[in-house]
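Chemist: This is what each chain is made of:
Protein chains: 2
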Amino acid sequence: MKAIAVKSGAGKPELIEVPDPVPDDGEALVRTLRVGVDGTDHEVIAGGHGGTPEGEDHLILGHEAVGVVADPNGTSLSEGDVVVPTVRRAPNGPNEYFERGEPDMAPDGQYHERGIVGKHGFMSEYFTSPEEYLVPIPDELAEIGFLVEPVSITEKAVEHARASRSAFEWNPSSAVILGNGSLGLLTLAMFVDSFDRAYCLGRRERPDITIDIIESLGGTYINSNETPVAAIPDVYGAPDLIYEATGYAKHAFDSVEALAPNGVAALLGVPGDWEFEVNGGKIHREIVLHNKAIIGSVNSHVHHFEAAVDSLQRMDDEFIDALVTGVYELDSFADAFVNDDTTIKTAVQFSRYEER
Amino acid sequence: MKAIAVKSGAGKPELIEVPDPVPDDGEALVRTLRVGVDGTDHEVIAGGHGGTPEGEDHLILGHEAVGVVADPNGTSLSEGDVVVPTVRRAPNGPNEYFERGEPDMAPDGQYHERGIVGKHGFMSEYFTSPEEYLVPIPDELAEIGFLVEPVSITEKAVEHARASRSAFEWNPSSAVILGNGSLGLLTLAMFVDSFDRAYCLGRRERPDITIDIIESLGGTYINSNETPVAAIPDVYGAPDLIYEATGYAKHAFDSVEALAPNGVAALLGVPGDWEFEVNGGKIHREIVLHNKAIIGSVNSHVHHFEAAVDSLQRMDDEFIDALVTGVYELDSFADAFVNDDTTIKTAVQFSRYEER
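So the protein lines, in turn, are chains S and Z.
Read in order, the letters of the first sequence are residues 1 to 356 in full-length UniProt numbering.
Read in order, the letters of the second sequence are residues 1 to 356 in full-length UniProt numbering.
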């Protein structure tokens, strides 16, 4: 079968031929429908993040997949079920985090991530997965099911952020999302329902397709060239929640001061090393005297995928149509990895739901 | 009646004469037994923190008090009840934070703190307080009731720290307390019960009375001159919880990296401005990839005072005896404000429980 992989050091994805996968006991065989592309894929391709499976010279890409069960192989799934796979797998037999259904909390060395580090991803015509890592979704989401994984990332981050504020009565009214990429926009589509005021910060100038989406959702665009993070309280009021999705480390530090009292910053971006000067005393003091919290969040587990299905069902078709700027067939797969100002979210199409 | 106050700019406390307080409706009159002294008092005296009530040139000190109800004045309290007052009061009539019993979550400008900022403290022979801010405690705690307030500070910080870890199964086994002052030692006395391993970091060399206490509690002393915060994981294993009580800002930043995966740092110290360089990218990345949390915590409310009473009752008498290095009568009150290597916790005695 065909697969999209990156060879070590190649710096770009290519179409390769690999043997059809054979499901083990407890695994189902899944025919791949679509697989999304995100910033992590670009980092993996560039070699800045992730790694190939042990002993191999290439990694099959893709961690945002949706497929159809082709062979239940004795599992409780049925042929034709539409499913979304979770991403983490235990490297050497199950460990405590996987056993309790929280692989997203496993530390370094106790997980592989399909399509990212240590285990092949889902960008192939078929893939296999243990049943417990396949989340059934409604048939009508078959086309956009590749958005379940990114939305699940936000479900987890928000769950942890809210938990950090659960020891008192927290009545947040405003949230700022740092980053107007596909994850930022998906998050905004969720936040416009749960906050009175929802903002999305980026560095694009008008006219811009992401700004159009932000405004059509009812959100407010913050141009970071005009209003840097530290200036947000003065211009828009101090937000109760900041969702950091850029991985720009200075944003994380500026967020602490920009937050309203009792607010929380959820960090999701993954920056490289970067030394800079901060007023560490002021940041520390601000966290203490205003009961602030900063939480980090990576990956997600089955419950977050299930919550993401609900969130995705509530989103407008028009928003999804604007967000997904391209779905590419295998013969033009390289277009799915182009990242320019006309690109928001892309996916590769491996097969169609209606096919048999 | 006699009171201990600091005049603006004086830099030291003095004994003054003030009129006896008269309770308003809903307030009880309390005869003061003992009032503790802590680092905040020293900051208030030095002028680095807090402020006098509006229109006055002095502030009566003291926020860690225990007393006996002298006149219930129509409240549900009874004469002779031993009570501990909470610290925050609403400045201009009740606001939402006070109404819901969470004055500790009120932002700047929406609270006064008795003995610290905007309202006189408890270092006087009598004080009055609305009934809802007087926490009854068992008679047998009358002598050490001035420790309820500092213990309540830890109850709140730990409640918020645990809340931040409540979205997953968190099984912490080790905690490091930064700071071997009285709050650090009281916290250690609580942590030796709830963590397999509890450490307390300071910069004292042996022989030292705080190190003796740490070891008699079953804790481990970490000498920061030998093992700075960043080196703790290598020497003692990465802690699940770090409790920062020094207000040394670099500790807060080093704590993020020292924490075990999924760990939480609770910050309580209040540093001044201090600019320094950090590897902000690494700190940000570490928070994200290992699901870490940092929470700030200030002040405490009635439920924390109630929890503190339980915690205090579980502490050994020997520990309390070693912790309280001096209780001084009014005629030698200045000794309670001496802070040297033989001092851990001091208090001023205003009257005795047995008196009438």
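It is possible that part of the hints are untrue.
Computed list of lysine-lysine pairs in DSS-like fashion (alpha-carbon distance at most 25 angstroms, straight line) [unchecked claim]: (1) S/LYS250 / Z/LYS2; (2) Z/LYS2 / S/LYS282; (3) S/LYS250 / S/LYS282; (4) S/LYS2 / S/LYS12; (5) Z/LYS12 / S/LYS250; (6) Z/LYS250 / S/LYS282.
Keep in mind the hints are simulated off the structure, nothing from the lab.
Chemist: Are the hints correct? Go through all of them and say.
Modeler: Quick rundown of the hints versus the structure:
{"no.": "1", "hint": "S/LYS250 / Z/LYS2", "in the structure": "violated (52 angstroms)"}
{"no.": "2", "hint": "Z/LYS2 / S/LYS282", "in the structure": "violated (38 angstroms)"}
{"no.": "3", "hint": "S/LYS250 / S/LYS282", "in the structure": "holds (15 angstroms)"}
{"no.": "4", "hint": "S/LYS2 / S/LYS12", "in the structure": "holds (16 angstroms)"}
{"no.": "5", "hint": "Z/LYS12 / S/LYS250", "in the structure": "violated (41 angstroms)"}
{"no.": "6", "hint": "Z/LYS250 / S/LYS282", "in the structure": "holds (11 angstroms)"}
This entry does not satisfy hints 1, 2, 5, going by the numbered hints stated previously.
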